[in-house]
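Protein chains in written order, with my numbering: chain V, 1 to 588; chain P, 589 to 770.
I should point out that these hints are in silico values taken from the structure, not numbers from a laboratory.
One should not assume that every hint holds.
[Claimed, not checked] Heads up, simulated EDC-like pairs for lysine to aspartate or glutamate below, C-alpha to C-alpha not over 16 Å straight-line:
| id | chain 1 | residue 1 | chain 2 | residue 2 |
| --- | --- | --- | --- | --- |
| 1 | V | LYS519 | V | ASP508 |
| 2 | V | LYS298 | V | ASP275 |
| 3 | P | LYS672 | V | ASP307 |
| 4 | V | LYS134 | P | GLU617 |
| 5 | V | LYS415 | V | GLU229 |
| 6 | P | LYS667 | V | ASP307 |
| 7 | V | LYS316 | P | GLU617 |
| 8 | P | LYS671 | V | ASP307 |
| 9 | V | LYS316 | P | GLU603 |
[Unchecked claim] Covered, in the sense of this in silico footprint (three residues per stretch, anywhere, with C-beta under 8 Å from a C-beta of chain V), are these stretches of chain P:
| id | segment |
| --- | --- |
| 10 | 618 to 629 |
| 11 | 658 to 666 |
All values derive from a computational prediction rather than experimental measurement.
Cβ atoms here follow ideal geometry from the backbone N, Cα and C, with glycine treated the same way.
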Amino acid sequence: MSKLFTGAEIVFKCLEDQGVDFIFGYPGGAVLPIYDELKNHSSIKHILVRHEQGAGHAAEGYARSSGKPGVVLVTSGPGATNVVTALTDAYMDSVPLVCISGQVPTHLIGTDAFQECDTTGITRPCTKHNWLVKDIKDLSKTLHEAFRVATTGRPGPVLVDIPKDIQFAKISYSKPKPVKKLNGKSINHFSQRDIDELIDLMNKSKRPIIYSGGGVINSGPEASDVLRELVQLTGFPITSTLQGLGAYPGDDNQFLGMLGMHGTYEANNAMHDCDLLINIGARFDDRITGKIDEFSPKSKKVHIDIDPSSINKIIKVDLSLVGDVKDVLKGINKTLKKKNFNFNKSNKHQISKWWEQIQKWRTKNSLHFNNSDETIKPQHAVQRLYELTKHKDTFVTTEVGQHQMWAAQHYKFNKPNRWMTSGGLGTMGYGLPAAVGVQIAHPKKLVIDIAGEASVLMTMQEMSTAVQYNLPIKIFILNNQYMGMVRQWQELLHEKNYSESYSEALPDFIKLAEAYGCKGIKAETPIELDEKIKEMVQFDGPVIFDCRVDPNENCFPMIPSGKPHNQMILGPSEKEENKITGKGKALV
Amino acid sequence: MANPKSAYSVSTKKEKSDTHIIVVWVDNEAGVLARVVGLFSGRGYNIESLAVAEVDAKRNISRITIVTTGSPQVIDQIKLQLKKLVPVHKVADFNRNDKSVIFKEMALFKIVGNTNKIKKAINACKKYNAVILDRTKKSNVIQITALRREIDKMSKNLKKFGLVSVSRTGAVAMTRGDKIFN
Chain V
1 MSKLFTGAEI
11 VFKCLEDQGV
21 DFIFGYPGGA
31 VLPIYDELKN
41 HSSIKHILVR
51 HEQGAGHAAE
61 GYARSSGKPG
71 VVLVTSGPGA
81 TNVVTALTDA
91 YMDSVPLVCI
101 SGQVPTHLIG
111 TDAFQECDTT
121 GITRPCTKHN
131 WLVKDIKDLS
141 KTLHEAFRVA
151 TTGRPGPVLV
161 DIPKDIQFAK
171 ISYSKPKPVK
181 KLNGKSINHF
191 SQRDIDELID
201 LMNKSKRPII
211 YSGGGVINSG
221 PEASDVLREL
231 VQLTGFPITS
241 TLQGLGAYPG
251 DDNQFLGMLG
261 MHGTYEANNA
271 MHDCDLLINI
281 GARFDDRITG
291 KIDEFSPKSK
301 KVHIDIDPSS
311 INKIIKVDLS
321 LVGDVKDVLK
331 GINKTLKKKN
341 FNFNKSNKHQ
351 ISKWWEQIQK
361 WRTKNSLHFN
371 NSDETIKPQH
381 AVQRLYELTK
391 HKDTFVTTEV
401 GQHQMWAAQH
411 YKFNKPNRWM
421 TSGGLGTMGY
431 GLPAAVGVQI
441 AHPKKLVIDI
451 AGEASVLMTM
461 QEMSTAVQYN
471 LPIKIFILNN
481 QYMGMVRQWQ
491 ELLHEKNYSE
501 SYSEALPDFI
511 KLAEAYGCKG
521 IKAETPIELD
531 EKIKEMVQFD
541 GPVIFDCRVD
551 PNENCFPMIP
561 SGKPHNQMIL
571 GPSEKEENKI
581 TGKGKALV
Chain P
589 MANPKSAYSV
599 STKKEKSDTH
609 IIVVWVDNEA
619 GVLARVVGLF
629 SGRGYNIESL
639 AVAEVDAKRN
649 ISRITIVTTG
659 SPQVIDQIKL
669 QLKKLVPVHK
679 VADFNRNDKS
689 VIFKEMALFK
699 IVGNTNKIKK
709 AINACKKYNA
719 VILDRTKKSN
729 VIQITALRRE
739 IDKMSKNLKK
749 FGLVSVSRTG
759 AVAMTRGDKI
769 FN
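If we strip away everything but chain P, and leave its shape as in the complex, we get:
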């Protein structure tokens, strides 16, 4: 994580870094993602994962979910800087350890091997809402939705069952219960 402060200030104090999920509602217009991502790279903030899509076609609103790490001061800066962008409507921020928020990522695994191995792979994926999207004699494409670290673990564990390709999304987030972001 780059230090966002000036070179004049070699800080001797190291603040604890936390992982946060930042959700940004933006006008879905040309260049808006570049503005958001450029703000992160230009100020030396870190992006662990990114998910973006239009969520309201009528109002033309896209929702960007960014997973980032930083000290509380850096996280505050990220939020405040994002709010200054003209196409940004609102910004929400959650600590990854926040129990009242659901975080999910999706991954596609391609397993190539004999039936026995594929079966074992499917079994291993079962607790992560596994869906078989494609099936041949020699291969399977399995979709799972899970937390980042769970997908990390699975992509490691499935290697021995013939995992040849992984494709995964960034995290998306939503609050539990009837509460919505404001």
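The shape of chain V in the complex, shown without the other chains:
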């Protein structure tokens, strides 16, 4: 008879067979057997966080920067409910997470036992799938299935809820069999005919644009390579969503910058006026489209996505190619090279007028801001940070708000997986724990969380984690003493009634850093900024950088709610004539 293992041992056997190196977690009564087993598995390192939300975001940072699934281990009840924000965040942004939660013993389920909650019920809408393991016989199968679901197709979070008695129960273990497809949900559903049709559209187009998204990042680094090849082969302009930044080099001339609500003037106008729009791995999010009825009215639309339910969800498209971005783009490039040898030259001529128009839009210099000698402008701070760190292979995470948009606008990414931000859910407090996870995955690299002072306080406790594991993350706080984006919307939409958006009673971030046992740096004037940033970068250990910036700066350009792409507010001077009225005011 084969050897018997406890449920807790089987959890680790599965993690080992899945090649897991790190788990982010927090112990508690209902996962004690699993924690007890930790000591016997030296290949798996546990990172102890300070709050389960931090574990989730850290696992997200780990997953996004490494391409491997992030693993989270939490206890029942509050452990599980605390991780819900991170699971939802991962669901919205398609990040592969496997969350293992403890549960009260099976005979107590449903009795309102201590630290009991309906974990699978609570997490059902914020995971790709979840399981409650009620029989030890199902445990290993379920765990391997969980990894498969999290990482295949459009990635996302899953949760496996394991009652305590199952963790103690014993059974034999066998390695997983090679995976077979589940319910016939295969991934690629495009044909050569679709590719030929796309190339025909590309041949005819006079005003094309490529709009790429997070799907390119999720498809792996190779997808970014083939995307670059496609852009080079076609000579088409390319813009990117917030999540797609880094898939195409941010400093390349064919790149128009980010599009959408705080995207560049040239990117948004090109989206509006184009005659061919090729969406690669993006989902026509409302931050991107603006007013649906007036979204890119003159274009043929093509959508490449791995998720069939993304097609025609928001915007009806003329041609869809359902599949892994990498595979689709490879097919396109291959056909382009084989069939249309002269495509490159002839098409460049055909779209030269389009490029002239784009250059005209570029002269608006929509990311311009009025710099100052006295106060640090937040945009200037991000630009200096970029200039002083671009020679390194830097990883950037952010919180959510103005600083996030300034980071997206002014920090140029040249490689995929270097930019981790909460886009779909917009979770304040994401960046610091995400930086912890990124640093775990890339211990030698420079990891910076570009933060806001309000966001970062939501998960500040994770500085302890950074100190405990000696993770030299740099928390670069653009401190404007406001929930900046809230203040901006109140200024634009609510007659400057800054209701509850002022950050009252802020801590002294230097002292806070020292209290955590890390380094605090403060910059108050533009003159000292560069020196202080260098000091931060050179310091070997975690740093909290309190960058005091102009509290009244707004994030421009901006598409006001309820307006189409070609009606952007470029800066403060334009605000008055482009006032948000009527229905637009009610929108988010």
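Given the structure of chain V, go ahead and fit chain P onto it with the hints provided.
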């Protein structure tokens, strides 16, 4: 019908809504109905009626029949979102006006009254495959199988004959002829 699109997009175009019958084959496991129903409520889709039962005990497959209304775009979304659920095997969709598909609902009517009224009630039910399930001097329980709108009509019309209680199922569907869903 809630608008499933974002609040950013106040659409000025109103698409025509149609009634559809969505048939879903799922693994019969704990929570599977909650997943399907939760998807509808979470995304603001509408459920007019619902019928669910295991149809294949050996393979452990349940068949869920959902009647819903929505624009073609919404109906497409419902199908595609359902197909993403892990326990879902296949999804079929029929327009309610599709002549090649049989739709049936069942209803139980309890009639309390004198013999004359009960007789009239039974007569009225006759064209809908009426079956008398229970009979006393003062009451009758009648089972009918019919279309939704026919049952709606009957539950209204039978009131004058002493209808005191109605219990009805959701619609179930099957294709005519030798064709099966695939």
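Now the hints, each set against the structure:
no.: 1; hint: LYS519(V) with ASP508(V); in the structure: holds, 13 Å
no.: 2; hint: LYS298(V) with ASP275(V); in the structure: holds, 6 Å
no.: 3; hint: LYS672(P) with ASP307(V); in the structure: holds, 9 Å
no.: 4; hint: LYS134(V) with GLU617(P); in the structure: holds, 12 Å
no.: 5; hint: LYS415(V) with GLU229(V); in the structure: holds, 14 Å
no.: 6; hint: LYS667(P) with ASP307(V); in the structure: holds, 13 Å
no.: 7; hint: LYS316(V) with GLU617(P); in the structure: violated, 35 Å
no.: 8; hint: LYS671(P) with ASP307(V); in the structure: holds, 11 Å
no.: 9; hint: LYS316(V) with GLU603(P); in the structure: holds, 13 Å
no.: 10; hint: 618 to 629; in the structure: holds (count 5)
no.: 11; hint: 658 to 666; in the structure: holds (count 3)
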